[in-house]
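Engineer: Starting from the structure of chain A, add chains B, C and D where the hints point.
There are 4 protein chains.
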Amino acid sequence: MSGNTFGTLFTVTNFGESHGPAIGCVIDGCPPGMALSEADIQLDLDRRRPGTSRHVTQRNEPDAVEILSGVYEGYTTGTPIALLIRNTDQRSKDYGDILQTFRPGHADYTYWYKYGIRDPRGGGRSSARLTAPTVAAGAVAKKWLAEKFGTQFRACMTQLGELPIPFESWEHVPHNPFFAPVANVAAYESYMDALRKAGDSCGARIRVQAQGVPVGLGEPLFDKLDADIAYAMMGLNAVKGVEIGAGFASVAQRGTVHGDSLTPEGFASNHSGGILGGISTGQDIEVSIAIKPTSSILSPRDSIDIHGKPVEVSTKGRHDPCVGIRAAPIAEALLALVLMDHALRHRAQCGDVVQAVPPIPAAI
Amino acid sequence: MSGNTFGTLFTVTNFGESHGPAIGCVIDGCPPGMALSEADIQLDLDRRRPGTSRHVTQRNEPDAVEILSGVYEGYTTGTPIALLIRNTDQRSKDYGDILQTFRPGHADYTYWYKYGIRDPRGGGRSSARLTAPTVAAGAVAKKWLAEKFGTQFRACMTQLGELPIPFESWEHVPHNPFFAPVANVAAYESYMDALRKAGDSCGARIRVQAQGVPVGLGEPLFDKLDADIAYAMMGLNAVKGVEIGAGFASVAQRGTVHGDSLTPEGFASNHSGGILGGISTGQDIEVSIAIKPTSSILSPRDSIDIHGKPVEVSTKGRHDPCVGIRAAPIAEALLALVLMDHALRHRAQCGDVVQAVPPIPAAI
Amino acid sequence: MSGNTFGTLFTVTNFGESHGPAIGCVIDGCPPGMALSEADIQLDLDRRRPGTSRHVTQRNEPDAVEILSGVYEGYTTGTPIALLIRNTDQRSKDYGDILQTFRPGHADYTYWYKYGIRDPRGGGRSSARLTAPTVAAGAVAKKWLAEKFGTQFRACMTQLGELPIPFESWEHVPHNPFFAPVANVAAYESYMDALRKAGDSCGARIRVQAQGVPVGLGEPLFDKLDADIAYAMMGLNAVKGVEIGAGFASVAQRGTVHGDSLTPEGFASNHSGGILGGISTGQDIEVSIAIKPTSSILSPRDSIDIHGKPVEVSTKGRHDPCVGIRAAPIAEALLALVLMDHALRHRAQCGDVVQAVPPIPAAI
Amino acid sequence: MSGNTFGTLFTVTNFGESHGPAIGCVIDGCPPGMALSEADIQLDLDRRRPGTSRHVTQRNEPDAVEILSGVYEGYTTGTPIALLIRNTDQRSKDYGDILQTFRPGHADYTYWYKYGIRDPRGGGRSSARLTAPTVAAGAVAKKWLAEKFGTQFRACMTQLGELPIPFESWEHVPHNPFFAPVANVAAYESYMDALRKAGDSCGARIRVQAQGVPVGLGEPLFDKLDADIAYAMMGLNAVKGVEIGAGFASVAQRGTVHGDSLTPEGFASNHSGGILGGISTGQDIEVSIAIKPTSSILSPRDSIDIHGKPVEVSTKGRHDPCVGIRAAPIAEALLALVLMDHALRHRAQCGDVVQAVPPIPAAI
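Protein chains in written order, with this note's numbering: chain A, 1 to 364; chain B, 365 to 728; chain C, 729 to 1092; chain D, 1093 to 1456.
Only chain A is shown next, with the shape it has when bound in the complex (with noise of 0.2 Å):
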């Protein structure tokens, strides 16, 4: 209950730290009877992983994922399912110097005072590594929500620090190290080029999408599936702005054009993003996160030792220069953890959903 736990009936219970000999998670609740490889999560793993492109942390992991429990001949058992990630590369040398020091813009501060002790390797248990276990764990989730509903996910790039990113086709996501829906990415090489060299870095917008999804996911009045996703989101490393739907424009719409009519054919627009009233609508479900920029960064910087005195702070180790880069397989991960999560909560409540369309269909 310290808070690394995820999930009400699809829990997630995330441990480790960035540099400690392993990270990994424990999922509680999955259904018995599906097939689960290693194979199955480990794709979603490489989607993660660092050291892909020069864009990204140079740290070189495999991230290969064992399965310790709650599988057997190949199929989940009802029990809890284990996942293991060894740390290979770690260089913890790195970060001797920041022991006694508060990184602007990290978590060191914080933890420092709360907990009065923190391990600094690597940013400990506040890193980014973190969020593997969590792909992992999403990848699980997806599986599920594919055979049972053919729900699917799917994350892109929409701005990248001060440059939007128009939206070309979702097939050219794969293919470019920024997730991006375009098939140049020149522009952005080049200025992620530049950022490096400057010692700095910059944000991302991500949009991340479900298509698929059952109507009926979400339990007002408190845990809304809005709710729950906004939590999601904001809760992982960076992220500093959650939006659903029209989000912020919704401001400035009018109640004439922002509330999205119904036909026979179905709802006539999406401005919603595929939640009314906190339950899913059977629409596709419509997120935006902003992340603020890589906190960690060449660039000098005026801070504090934990003493109190002023200390000048330039961040070595191998990071990214935009962590946004490789948010959107988290962000999928995330939101299909979010609507596992619900469809369990649903079927308990109001029995087994027997349709991923509603007998009204949802259009757009």
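No wet-lab data here; the hints were simulated from the structure.
Glycine included, every Cβ here is placed at the ideal spot set by N, Cα and C.
Errors might be hidden in some of the hints.
[As the list claims (entries may be wrong)] Mimicking DSS-like on lysine-lysine, the simulated pairs with C-alpha atoms at most 27 Å apart in a straight line are:
id, chain 1, residue 1, chain 2, residue 2
1, A, K148, A, K309
2, B, K561, B, K680
3, D, K1408, D, K1235
4, C, K925, C, K1044
5, C, K876, A, K148
6, B, K512, D, K1408
[As the list claims (entries may be wrong)] Only part of the chain C face toward chain B is listed, based on derived beta-carbon distances under 10 Å:
id, residue
7, A750
8, L771
9, Y839
Structural biologist: What follows is chains B, C and D alone, placed relative to chain A:
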């Protein structure tokens, strides 16, 4: 566990429908020994109350709260505090004709397909009226946080429809019906009058702030303080976006700018919004939320009935043309509930918080 | 999370004090679409009600329940069901003199040192009166389980003080004030009369049974069905022991005897009490509980006051000389709540339970 | 939420199967700053370990624990502590023939009908081997409670089959394989030898005690300390009964006897077992549990296979003829976990416990 309980240690279980006999909540986990009376709670309820200006719903209810338990001779005993508010001004006949119709932008459609039954009177469970018990519970949290740490909460409107509202001073907020931080609200009154005449509605943006927050609140990896704030805010009726600190603007910021420098005198800026690594820094917590335009409008809309037949819907009844107008006290209450819960969680694991201000003070 | 909520998916949040304005509970997670009225609940409340014979407390209250929410036109809507029972026959003056005294065997001492404050009127929160909302919630669970699976609950007294009560037939139970399964209760009436004259009290042993239980309820490793039953029963006021099936007698049994054989016609015995590995077998669930003698007695006892000074305490007020007498309907309600919760948990993970009787039927 | 997490604030999530690659647990909520090493944990694991005498299973595993996270340079950091124990001496071939058979008294039948799939190797998830991670987690709880309050735990056997074991002294307990509080265990050794020769098994009764418990632990109305102890103990494999204090004997006690008198020197007796109204009194907590005879026996039993056909089952493999023999350290661990959890819950709501001994000391 059907989503009607807010919080982990300071839990608020909400019940009631807009036009049922009563609404209310049960607060479990309140520390014993705090002076508490109905008057402490009524103050915030009155700030949220409908019928106070021509810009909000004309439903007129005193929303008088009764404490049913948990208080003995004026002090909390540590046992559950049940709060009851009787509904007194229901006009359920206004809703007879929407019983079989899905109003665009409303929860009618999703409740129907989730539960197979819904209470249509005044929106039933999905009505914003159910925020009243939340405000009541928030008042209890505010009182404890104020006495323990000196924490204070305030909120104001920063945008009304397409009109941005400049920040002049917090002092103006209590003196106008918009919770606007400006002296002259004539422009907003004209804007609202025109909108009402047009039978339309608009959205709003609200800024929420907590001051005097102890350092160390928040439970990574998942139950981060910002994650729980996003959950709370996105769960509020009509909210479509949540930002912490620099929010979506952080995407275009550089790392050299965004990461708040530390000096012996404190933080040099507050782009983080008072939260780093999911834990409070002791600086002001800054939140911004987007509220969509009210879905209940007089203008006719295309929709369908429960049999899938096309119908035209025009919502009668008494509604807020901008639900954002009354959102400020609710958003404050939600922020207070999140901080209260995390204050108790913090001392469970780390022992009592001995200071509101960390050894290295937080400036700005 | 201060311990006033029972259950995980079918949650019952209890509130109130013995002599406060009202007691009640909020049920969250009830499946939608079930017919429910106050009459369905009142029946069990009346079975538990005080003042029905000379062997129980003479406090006389109708314990009339009001449904405040969650039911629309006679059917549950899936939203929280708030139940309210007003207190009407408080005589708080009876308790003035125990305000600063710890009564032996009572919670006075522990509440005082835990919370630093306590409501002494009628035992305040620790009064057995707070079992009334539990009985009310249990009636809702019983109704759903009966409609869904045909599950039935019953309980009887098997020992009164040192007098064992032989089992004659379940038919006698509703026809005497002891819930005793015998036709002639004259011996127990004399026993109680003597005890009351002596200003003393005695304990009781209660047997609780559920029939028509679906196979598969229970969540190992920890939330086993028997673990949750033990939690429920031991949490009932005055209970000091819980047995499942053969209970303590199983210590002296041989493995060749205890392990219930299976035959194509079903289990050959039921030493397990209907639970194996923490999961229901489909056989009858058999529970036995020990209830200690009432602590509120007229005979003077040695004690101390809150300053540690010795005092003599003799409890006035109106008390049950054997609290076990009214325990049968409460124990049934608790067992029903446990099964209800596990029925929902089961279908969350494993899908809807399609049959109450497993393919290999459970005999005995 | 499928029942594999123990505790509310000090949570222990257990994973693994008897013959899978590994078993273990993740502890979340451990206070930061406590010295902790594998050696602290191994001690209790070794007390529970199989293969230490001829009276327990001959499966021989070192049960060496590895700390994967949550400890930095020898101190807990407040982040999750993952503990891993590799399985090394599986003989899965022993179980091939029970794959399609339900062993009497075992969880085979219920797992099969609950999940539709089960891991039969060594009992899979339902094996008592899964108590090892519980013992490991309990060691962490014991250490914190000992350092904070001086709390100590001990357990002994009080009955073996039909043989009651008289209490001589706690000193004898560590010096014999039965955890018996007597100097001479020859009678029990002969008893066990005869039983083993007969291919049969027997039950046991275990007494568990905590000393130096702070007053005030326990959360009424439902999460009472005794309720949670009953939950913990009844959830232990093979337990069929739980008593607190006078237990079932309290039924025949008079109120004048059972209610422990208070004097300025403390309580005059401890029939309550250290708990009143669900809250600890500061006296010793006294628990007694009944453990059924081992279900895995060599003697042939009548059963059926998964197709309902009659079969004869005789359990091979290596089993404890009395699972109660190794239960003492496990029961201690469970009691420690309950107290640890309630210690944290207490300080969340009521602030730090400042004294282990209440102002009015608890005698006996």
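Engineer: Each hint should be assessed against the structure and marked as holding or not.
Structural biologist: Cross-check of the supplied hints:
1. A hinted pair counts as satisfied when its Cα atoms are at most 27 Å apart, and K148 of chain A with K309 of chain A does not qualify at roughly 58 Å.
2. Taken as a hint, the K561 of chain B and K680 of chain B pair is honoured in the structure, with Cα atoms around 14 Å apart against an allowance of 27 Å.
3. Between the alpha carbons of K1408 of chain D and K1235 of chain D the distance comes to roughly 39 Å, so the proposed pair goes past 27 Å and is violated.
4. A C-alpha spacing of about 14 Å is found between K925 of chain C and K1044 of chain C, which places the hinted pair at or below 27 Å, so the restraint holds.
5. With a C-alpha separation of about 25 Å, the suggested pairing of K876 of chain C with K148 of chain A holds against the 27 Å cut-off.
6. Pair hint K512 of chain B plus K1408 of chain D does not hold up; C-alpha atoms about 63 Å apart against a cutoff of 27 Å.
7. The closest approach between the C-beta of A750 of chain C and any C-beta of chain B is roughly 5 Å, which is under the 10 Å cut-off, so the hint is satisfied.
8. Taking 10 Å as the C-beta contact cut-off toward chain B, the hint placing L771 of chain C at the interface is violated, the least distance being around 22 Å.
9. For Y839 of chain C, the interface hint holds, the least distance from its beta-carbon to any beta-carbon of chain B being 8 Å, beneath 10 Å.
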